[in-house]
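> Line by line, the protein sequences give chains E and S. Going by my numbering, the first residue of the first sequence is number 1, and it counts up by one from there. Going by my numbering, the first residue of the second sequence is number 86, and it counts up by one from there.
Any given hint could turn out to be false.
To be verified - As a list, the in silico DSSO-like pairs of lysine-lysine whose alpha-carbon atoms are at most 30 Å apart: (1) E:Lys59 with S:Lys219; (2) E:Lys59 with S:Lys278; (3) S:Lys515 with S:Lys619; (4) S:Lys467 with S:Lys273; (5) S:Lys467 with E:Lys67; (6) S:Lys467 with E:Lys85; (7) S:Lys121 with S:Lys273.
These aren't lab readings, by the way, just hints derived from the structure by calculation. No experiment lies behind these values; they were computed from the predicted model shown.
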Amino acid sequence: MEELIEKLKGELIAELNLEEIKPADIDAEAPLFGDGGLGLDSIDALEIILILERNYGIKIDNPAQGKEIFYSVKTLAEYITAHQK
Amino acid sequence: MNIYITADSIVTPLGFNSQENIAALCSYHSAVMEHKTSTVADAPITASIFVDHKIRLQSKTMDIESQYTKFERLVIMAITDVLDQTHIDIADNSVGIVIATAKGNIDLLDYTAESMDGRITIWKSGDRIAKYFKAANRPIVVSNACISGLSAMIVGKRLIEAGVYSNVIVAGCDVLSHFITSGFKSFKSLSSKRCVPFDASRDGLNLGEAAGAVILSTDNTDNSILLAGGAISNDANHISGPSRTGYELNLAIRGAMDEACVKKSDISFVDMHGTATAYNDEMESKAVTLAELQDKPVQSLKPYFGHTLGASGLIEAIVCMHELRIGTLFGTMGFQKLGVPMPIKVSPTHKTMKMRSCVKTASGFGGCNAAVVLSLPEHAKKSRPEPQNITMRSICTISVVDAHVKRGNKTIFSSKDTEFNVFIREAFKKLGDENMTFYKMDNLCKLGYVTAGYLLRDFKYEPEEIGIIMSNAAGSLDTDIEHQRNIGENGDAMASPAVFVYTLPNVVIGEICIRYQIKGENTFFISEGHDSEKVSKYVQMAVSEANLHYCIVGWCELLGTRYRSSFSLLENMNYVK
């Protein structure tokens, strides 16, 4: 799990253009969206859906479903672990 | 001064003129259908797409030569149709042309080609269209995302009011391609069924192709409709997501109604953008309510035409004109159960009713909103004041070129590193701005954002009393190429929403509006050069009619390693709150 969390942090930084942020700056349990945390928005959510599709073969059809899955890096990692084939 | 719409044309898969289209709508015909295979998408798509051989046949009948692109042919068809309806001579110097498009000839973009097909640059395509007609004037091109069509009507109207032209031909068009469909798909905005605006079951929009044209004139001929008012606002909230409150679209509606001097009781119906995406329709229901028009019938024409992007505002406004004339309000086909937060009045079926005036709205990426008021001439308000001549003074000019930021002629920041990415980052940091969104922007937006940052540093104003009017030559071509490369190599599914969202030039305005809370007029022109006298006249009229205290007027161009921006902050010396 730790390994996956670190990998995800790297992917988020690269894919979401989170320049100036290092993996160590991201608290795995802090909220990704909204004020505080990383302050990601709806376009970032769509990009995270693509990361899941392309890098992990996991499809999320309903973006609304993403709200809980995308809460933090940790929830993302847990979802990937549970759903990866 | 009253501006009338004296001729109109709608070109869609439902018909090659307004009559054919209106007849189709009267019988509930829709151009939206499922295409298992198409030339515009890898996967099945539910959209309104022209049958190619019909366009070829029509072009042949009209003798439009084969060197014209699909976009150009459709615009030529629509303009030919409106010219045939009037005695206006396009070769006369008093006749102007305004062309609205979100993406023009983007279907020609070949990211592998060594040199770019020049027609992708919209102003060049505009010149080709003007040349076809031997027009006296070069077209003015407006690229304001999905409000382009309404923007162009407002631009045309203001140019007549400013005395630049006596008559203006306003044309709008967009055609579909992998470029556009893949981007909307990556946004998860597309429905696989015919869209159902405002309905509880709605799950997205359908894309569509169309062209339209109108002639704006001060002459009130038979069957004219009055273009009584128009206004543009910005959400200053998000570049792709609509406002959470609808307040800013409500501002545009109120602005257009104020200019038209119409009251709530004069409005017969409201034709909204109504794309059938969850958030757009939600926002619109709030905006209509804030504008106190929630008791009026509301319609969306998207189930008939799909979302025809830069053409949508124009062709839908033309349908509104016909609805006013024939006394029929078209139903929002397929509507069953209201699924928006505010109780607005939507009906699936056509209704006969007494007509006076209507409001037509549009909203688009970059946070832009537009509204116009159309009236039957017999209901024109006599009390409408004439637009005032105003005096403007320049407070400050910031330009960015060759790794230098200049205030007037004085360099206020420079970088030893002339590489754009390094320079712009240093210039951004020097501003002391900690907005992380900067790093997500494409280079055109970074350039505009930083230029605006130096311009507006320590400057105070109210969000609604400041506007922003930009121009450039290449549009968003720099990012267009990146998006086309993403999908060109590995298919539509490789489209990135974070790239696609920047394939509209007016998104640079959107980014500036969000950061600096600018909610007034916002328009993006595509032109060969910076020094357009016509744009200056437009700025004057826009500032006067929208009663702006300040307006940023700028040039913001970036393509590959070349870039240049120059923004001026102007003050309206006649401003009264």
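> Next, verify each hint and record whether it holds.
Going through the hints against the structure:
1. Distance check on the hinted pair: lysine 59 (chain E) and lysine 219 (chain S) sit about 54 Å apart at the alpha-carbon level, beyond 30 Å; violated.
2. Restraint check for lysine 59 (chain E) and lysine 278 (chain S): satisfied, since their Cα atoms lie roughly 21 Å apart, inside the 30 Å limit.
3. Of the pairs offered as hints, the one joining lysine 515 (chain S) and lysine 619 (chain S) is violated, with about 35 Å between alpha carbons and a cut-off of 30 Å exceeded.
4. Under the criterion of a C-alpha separation no larger than 30 Å, the hint pairing lysine 467 (chain S) with lysine 273 (chain S) is inconsistent with the structure, at around 47 Å.
5. Distance hint between lysine 467 (chain S) and lysine 67 (chain E) is unfulfilled; the C-alpha atoms sit about 54 Å from each other, more than 30 Å.
6. As the CA atoms of lysine 467 (chain S) and lysine 85 (chain E) are separated by approximately 71 Å, the hinted pair breaks the 30 Å bound.
7. At roughly 18 Å between alpha-carbon atoms, lysine 121 (chain S) and lysine 273 (chain S) fall within 30 Å of each other, so this suggested pair holds.
Violation of the numbered hints given earlier is confined to hints 1, 3, 4, 5 and 6; the remaining hints are satisfied by the structure.
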